[in-house]
Each structure stands twice: as structure tokens, then as C-alpha cells.
Amino acid sequence: MSQYSTLSSMGVQNPMQIIGYTLTQPRADTDVLRIRYERPKGSFLPVVRSYTFGRSQRTQVSNGALSQAELVYEVSPVLSKAILELDSIVQSKQDRNELKIHILGEIERLQEEFNAELNSLKQLVSRLEN
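According to the working numbering, the sequence shown holds residues 1 to 130 in order.
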């Protein structure tokens, strides 16, 4: 079974290319999930794919004394699971990106220290030659 079984069941084949998503509710009974991908150069695959989810409708008593009922729309359980999987993908990419930025900063700092040490040694060698 896939690590992202809900996304797989929706037809998502490359979850590691996902860079983000948006969720909108155009009507009370509908949610639209748009998943953004970072595709390789020259790819014919879409950069954005949209999925529409219906909401289930149930009646709920809103005021017990007056016996008024109102319609309540519940989010699709498939959508809820997909959002959890998407959040884990996006969060891991953000964590990796932050780690990458930190490592690159450390490399730059080490290069500066190394260059300073090399310059110091070169000055010592030039003093010995004189």
C-alpha cells in the first residue's frame, strides 16, 4: 500500500512533485481542491490539477425550544484524508528547504573561515621568504 493511499486513489502518481494546494468552497455543498506540482522541464503533465468533492447533507436541530431545523454540510472524509497527506508532503518539503538553507549558510561560513586561514598562512610563507 502506498504511503499516500488517498492521493493514489485520486490518481496522484507523483506525490513528491507536489509543491502546494488550495482548497475553495464555491458552493455550500461542494469543495474544490487544486494541487500544484513542480514538473520537470519539458513535461507535458499539468502544473495544476483540480478535484471536486461533494459535501454530505444532514439536518440538524438548531434551536431545541423552537424546533427549528437547519441543513449542515459535512466535508468529505476522502477530502479530509487527502488534506492530511498533502499537509505532510508540503511540510516535509518546507523542512527540507529550511535545512538546505541552513546547510548552505554553514558552507558559506566555513568557506570564509577557510579563506581567511589560507590568507593567513600565505602571509606567513611570504614573511619566511623575505
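These are calculated hints, taken from the structure and not from any lab test.
One thing to keep in mind: the hints can contain errors.
The calculated lysine-lysine pairs, modelled on BS3-like cross-linking and capped at a C-alpha distance of 30 Å, are [as the list claims (entries may be wrong)]: (1) K93 - K41; (2) K100 - K81; (3) K93 - K81.
K100 paired with K81 [C-alpha distance capped at 30 Å]: The given pair, whose Cα atoms are some 29 Å apart, holds under the 30 Å limit.
Proposed proximity, K41 with K93 (alpha carbon, max 30 Å): holds (20 Å)
Is it true that the CA of K93 sits at most 30 Å from the CA of K81? The hint holds at about 19 Å.
Of the hints listed earlier, there is not a single one the structure fails to meet.
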